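From first to last, the protein sequence lines stand for chains G and C. Just so we're aligned: the first sequence equals residues 1 to 414 in this note's numbering. Just so we're aligned: the second sequence equals residues 1 to 307 in this note's numbering.
In case anyone wonders, no lab produced these hints; they're calculated from the structure. Predicted model, so just to flag it, every value in this text is computed and none were measured. Some hints here could point you the wrong way.
Pair by pair, the computed Cβ-Cβ distance ranges are [to be verified]:
{"no.": "1", "chain 1": "C", "residue 1": "P288", "chain 2": "G", "residue 2": "D199", "range": "44 to 52 Å"}
{"no.": "2", "chain 1": "C", "residue 1": "P130", "chain 2": "G", "residue 2": "H23", "range": "29 to 37 Å"}
{"no.": "3", "chain 1": "G", "residue 1": "V6", "chain 2": "C", "residue 2": "W201", "range": "35 to 43 Å"}
{"no.": "4", "chain 1": "G", "residue 1": "R204", "chain 2": "C", "residue 2": "W201", "range": "32 to 40 Å"}
{"no.": "5", "chain 1": "C", "residue 1": "I110", "chain 2": "G", "residue 2": "V6", "range": "52 to 60 Å"}
{"no.": "6", "chain 1": "G", "residue 1": "G42", "chain 2": "C", "residue 2": "R28", "range": "47 to 55 Å"}
{"no.": "7", "chain 1": "C", "residue 1": "W283", "chain 2": "G", "residue 2": "E376", "range": "54 to 62 Å"}
{"no.": "8", "chain 1": "C", "residue 1": "E184", "chain 2": "G", "residue 2": "E376", "range": "40 to 48 Å"}
{"no.": "9", "chain 1": "G", "residue 1": "R204", "chain 2": "C", "residue 2": "I110", "range": "50 to 58 Å"}
{"no.": "10", "chain 1": "C", "residue 1": "P113", "chain 2": "G", "residue 2": "D94", "range": "31 to 39 Å"}
Straight-line C-alpha distance at most 20 Å; calculated SDA-like pairs for lysine to any residue [claimed, not checked]:
{"no.": "11", "chain 1": "G", "residue 1": "K124", "chain 2": "C", "residue 2": "M209"}
{"no.": "12", "chain 1": "G", "residue 1": "K124", "chain 2": "C", "residue 2": "L207"}
{"no.": "13", "chain 1": "C", "residue 1": "K277", "chain 2": "G", "residue 2": "S166"}
{"no.": "14", "chain 1": "G", "residue 1": "K124", "chain 2": "C", "residue 2": "V275"}
{"no.": "15", "chain 1": "G", "residue 1": "K124", "chain 2": "C", "residue 2": "W201"}
{"no.": "16", "chain 1": "G", "residue 1": "K124", "chain 2": "C", "residue 2": "P206"}
{"no.": "17", "chain 1": "G", "residue 1": "K135", "chain 2": "C", "residue 2": "T195"}
{"no.": "18", "chain 1": "G", "residue 1": "K124", "chain 2": "C", "residue 2": "V186"}
{"no.": "19", "chain 1": "G", "residue 1": "K124", "chain 2": "C", "residue 2": "I199"}
{"no.": "20", "chain 1": "G", "residue 1": "K124", "chain 2": "C", "residue 2": "E187"}
{"no.": "21", "chain 1": "G", "residue 1": "K135", "chain 2": "C", "residue 2": "V186"}
{"no.": "22", "chain 1": "G", "residue 1": "K124", "chain 2": "C", "residue 2": "E184"}
{"no.": "23", "chain 1": "C", "residue 1": "K277", "chain 2": "G", "residue 2": "P122"}
{"no.": "24", "chain 1": "G", "residue 1": "K124", "chain 2": "C", "residue 2": "L281"}
{"no.": "25", "chain 1": "G", "residue 1": "K110", "chain 2": "G", "residue 2": "L139"}
{"no.": "26", "chain 1": "G", "residue 1": "K233", "chain 2": "G", "residue 2": "E253"}
{"no.": "27", "chain 1": "G", "residue 1": "K242", "chain 2": "G", "residue 2": "V271"}
{"no.": "28", "chain 1": "G", "residue 1": "K124", "chain 2": "C", "residue 2": "Q198"}
{"no.": "29", "chain 1": "G", "residue 1": "K110", "chain 2": "C", "residue 2": "T195"}
{"no.": "30", "chain 1": "G", "residue 1": "K297", "chain 2": "G", "residue 2": "T286"}
{"no.": "31", "chain 1": "G", "residue 1": "K124", "chain 2": "C", "residue 2": "S182"}
Glycine included, C-beta positions come from ideal geometry on N, C-alpha and C.
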Amino acid sequence: MDASEVKIRIENLIKIYGENPQHALRLFRDGRGREDILSATGNVLGIADVSMTIQKGELFVVMGLSGSGKSTLVRCINRLIEPTSGHIYIDDEDVAHVTQNRIREVRRTKVAMVFQRFGLFPHKTVMQNVAYGLKVRGLSDTEQRKKALEVLDVVGLTQWADYLPSSLSGGMQQRVGLARALATDAEILLMDEAFSALDPLIRREMQDELLRLQAELHKTIVFISHDIQEALKIGDRVAVMKDGYIVQTGTPEDLLTNPADDYIRAFTQDVNRAQVLKIGSITRQTIPVILGQDSVKAAWEQMQQHDLRQMYVVNRNAQPVGIVQKPSLQQAMQDGCEDIGIVMNRNFPQVRATTSLEEIFHLCQHDLPIAVTNQEGKFKGVVEQSDVLASIGRLTAEASASSATAAASEPLAS
Amino acid sequence: MLEIFETYTIPLGDWVEIIVQFVVDNFRPIFQAIRTPVSVVLSGIEAFFQWLPPLVLIVAVGLIAWQLASRGIAIYSMIALLFVGFLGTWSQAMTTLALVLTAVCFCILIGIPLGILSAWNQRFEQTMRPVLDAMQTLPAFVYLVPVVMLFGIGEVPGVIVTFIFAVPPLIRLTNIGIQQVSEEVVEAAIAFGSTPRQILWEAQIPLAMPTILAGVNQAIMLALSMVVVASMISVEGLGQMVLRGIGRLDVGLATVGGISIVLIAVMLDRLTQAVGKPHRLPWRKRGPVGLVLSLTQGKTRTQNATS
Chain G
1 MDASEVKIRI ENLIKIYGEN PQHALRLFRD GRGREDILSA TGNVLGIADV
51 SMTIQKGELF VVMGLSGSGK STLVRCINRL IEPTSGHIYI DDEDVAHVTQ
101 NRIREVRRTK VAMVFQRFGL FPHKTVMQNV AYGLKVRGLS DTEQRKKALE
151 VLDVVGLTQW ADYLPSSLSG GMQQRVGLAR ALATDAEILL MDEAFSALDP
201 LIRREMQDEL LRLQAELHKT IVFISHDIQE ALKIGDRVAV MKDGYIVQTG
251 TPEDLLTNPA DDYIRAFTQD VNRAQVLKIG SITRQTIPVI LGQDSVKAAW
301 EQMQQHDLRQ MYVVNRNAQP VGIVQKPSLQ QAMQDGCEDI GIVMNRNFPQ
351 VRATTSLEEI FHLCQHDLPI AVTNQEGKFK GVVEQSDVLA SIGRLTAEAS
401 ASSATAAASE PLAS
Chain C
1 MLEIFETYTI PLGDWVEIIV QFVVDNFRPI FQAIRTPVSV VLSGIEAFFQ
51 WLPPLVLIVA VGLIAWQLAS RGIAIYSMIA LLFVGFLGTW SQAMTTLALV
101 LTAVCFCILI GIPLGILSAW NQRFEQTMRP VLDAMQTLPA FVYLVPVVML
151 FGIGEVPGVI VTFIFAVPPL IRLTNIGIQQ VSEEVVEAAI AFGSTPRQIL
201 WEAQIPLAMP TILAGVNQAI MLALSMVVVA SMISVEGLGQ MVLRGIGRLD
251 VGLATVGGIS IVLIAVMLDR LTQAVGKPHR LPWRKRGPVG LVLSLTQGKT
301 RTQNATS
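Please model the entire structure based on the sequences and the hints provided.
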């Protein structure tokens, strides 16, 4: 993921539904609230001055309850809904202010969409549905077929190509919806509650499938959801919306550990934190011993100096290869052995920084601290059993505190 | 004093007379120009039906009915047409059929686009609604007179009267059919960059087709029910027989004409209804086409096997 490249930039986006949006817009700019505007003009404030940037390759989740404006927001990006005011830049082009022809071109090539109730054409076969975006663009039948089959293979529906959508299950229909969006090779996917209509089991399966595809394809995805679990599970970043405003934007861990207000806190209180928190957030950085460079004596001195009981050994590529402990090191010193490779214990627990807390509970039965590595397998630090317990303890304390405040502010929240 | 209506009467009748007379005096050429396309289509269709040997038509209708609908409806259609022929009303029936089909042609040509327009444009729909209400509720006799004044008498004004009576349900059902297409499907079509024309042809019309066909069916039925009224402005055909029967108190003649109308009406109704219904088998695998295909393919297969 190229973190520096902005794909979508939304600036001061406002959407007002109703007869006289310009009048309502003036009221809004004068600082009047949603309720005020509704009672004064009968117009509804859908999106209230939202600004955000979405990076290339990011899976960005917009989370909110119904009526929070999240569906409106996503429809403004491809202008299924006309914004009342503001700018939406896709690759530095303000699509909120382009001609109908240009926005049609943007929809055909840059932004594809997946719908909550699938939005498939019931009279077209699975293949024709998947090829629709290409047909609209005027590609030849053979090109359409070739691409459609290719994408159907990606979502595992090749043998259903000639069936009508109605003969497929909900999960399979949404795979068709996803395939239709992928077939256009658009870099941006808008997914409007794409998995909300599915059974819980199928939903989880589709979430995993989306993560798998995303790891391969690196699309820029704007995913709308009302399900906090889903948002925290799949989102690189999550924006929480309420009454047309964005309450907080941040990584799933940010939302859990630094909730902006009671609204976010109330939202996240039922979330299983151990599933969301990543090992990376509780990793302690330590100095490793480098195999073939540091001697046993040097390791021993470092251990004495920092008062450690054990140290990890990494190779020259910074990958952890073993662990040395104080007693065995002392023994080696006495025996006059110089090679750490002989002294070290090659059997040690190791996890990726992106693993969730819950997934490493079973590793806590080791006596040794757990080695943490990044995506390339390089050593980042260690996690001790006590750190895991402490983080869970801290989270539980936070959760019970927040449920107390949430209970106290109940009338306000409703 | 209480008899307020005796004090004043709105001279609506006079006004209408003046207006119609004005239109007749000044715009008659326009209405005469409208005659031409109607007259061309009508005489073409009628000449074709009158020229076609009855037996050929009966077999053709049977095959078409078998293909589009079912074997049962095919058998009914053939028996009905044979019966009409043996009642001695074949020629009149063909005239009536030509008139009905011409009127329905124009209904489809004009009604479906108007229905689509009213589905797209709410203001247009609101303007159309009272017009359609008037067209459906106004007794046909009322507009018979101005139509005769503008178009004269004969078959062409007959088609026009029939059109006025038969087109409203087609417009309405087309409108409803298009509006009933799932919003999300239309949204999906837009989201993938469809032009308005692509939205119409790829999503709206195919999905509204069953409802539009129900509208066509309604138009045909209403057109048939107009044939007697149309005969009052000297349109030939089965309606003329009924009208003459009434005039002469000739129960027999009226019944023969009436029964023929009913037989044809039921036939056309079943046929058009069946077109709108989804079938179990694709069209290549059913009816006479399916039979022929399976026979020829069977033959080539055995030929391949023997050679």
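Hint check:
{"no.": "1", "hint": "P288(C) with D199(G): 44 to 52 Å", "in the structure": "holds (46 Å)"}
{"no.": "2", "hint": "P130(C) with H23(G): 29 to 37 Å", "in the structure": "holds (32 Å)"}
{"no.": "3", "hint": "V6(G) with W201(C): 35 to 43 Å", "in the structure": "holds (38 Å)"}
{"no.": "4", "hint": "R204(G) with W201(C): 32 to 40 Å", "in the structure": "holds (39 Å)"}
{"no.": "5", "hint": "I110(C) with V6(G): 52 to 60 Å", "in the structure": "holds (53 Å)"}
{"no.": "6", "hint": "G42(G) with R28(C): 47 to 55 Å", "in the structure": "holds (52 Å)"}
{"no.": "7", "hint": "W283(C) with E376(G): 54 to 62 Å", "in the structure": "holds (60 Å)"}
{"no.": "8", "hint": "E184(C) with E376(G): 40 to 48 Å", "in the structure": "holds (43 Å)"}
{"no.": "9", "hint": "R204(G) with I110(C): 50 to 58 Å", "in the structure": "holds (54 Å)"}
{"no.": "10", "hint": "P113(C) with D94(G): 31 to 39 Å", "in the structure": "holds (37 Å)"}
{"no.": "11", "hint": "K124(G) with M209(C)", "in the structure": "holds (14 Å)"}
{"no.": "12", "hint": "K124(G) with L207(C)", "in the structure": "holds (10 Å)"}
{"no.": "13", "hint": "K277(C) with S166(G)", "in the structure": "holds (17 Å)"}
{"no.": "14", "hint": "K124(G) with V275(C)", "in the structure": "holds (19 Å)"}
{"no.": "15", "hint": "K124(G) with W201(C)", "in the structure": "holds (12 Å)"}
{"no.": "16", "hint": "K124(G) with P206(C)", "in the structure": "holds (10 Å)"}
{"no.": "17", "hint": "K135(G) with T195(C)", "in the structure": "holds (12 Å)"}
{"no.": "18", "hint": "K124(G) with V186(C)", "in the structure": "holds (14 Å)"}
{"no.": "19", "hint": "K124(G) with I199(C)", "in the structure": "holds (14 Å)"}
{"no.": "20", "hint": "K124(G) with E187(C)", "in the structure": "holds (16 Å)"}
{"no.": "21", "hint": "K135(G) with V186(C)", "in the structure": "holds (16 Å)"}
{"no.": "22", "hint": "K124(G) with E184(C)", "in the structure": "holds (15 Å)"}
{"no.": "23", "hint": "K277(C) with P122(G)", "in the structure": "holds (15 Å)"}
{"no.": "24", "hint": "K124(G) with L281(C)", "in the structure": "holds (16 Å)"}
{"no.": "25", "hint": "K110(G) with L139(G)", "in the structure": "holds (16 Å)"}
{"no.": "26", "hint": "K233(G) with E253(G)", "in the structure": "holds (10 Å)"}
{"no.": "27", "hint": "K242(G) with V271(G)", "in the structure": "holds (19 Å)"}
{"no.": "28", "hint": "K124(G) with Q198(C)", "in the structure": "holds (14 Å)"}
{"no.": "29", "hint": "K110(G) with T195(C)", "in the structure": "holds (16 Å)"}
{"no.": "30", "hint": "K297(G) with T286(G)", "in the structure": "holds (18 Å)"}
{"no.": "31", "hint": "K124(G) with S182(C)", "in the structure": "holds (14 Å)"}
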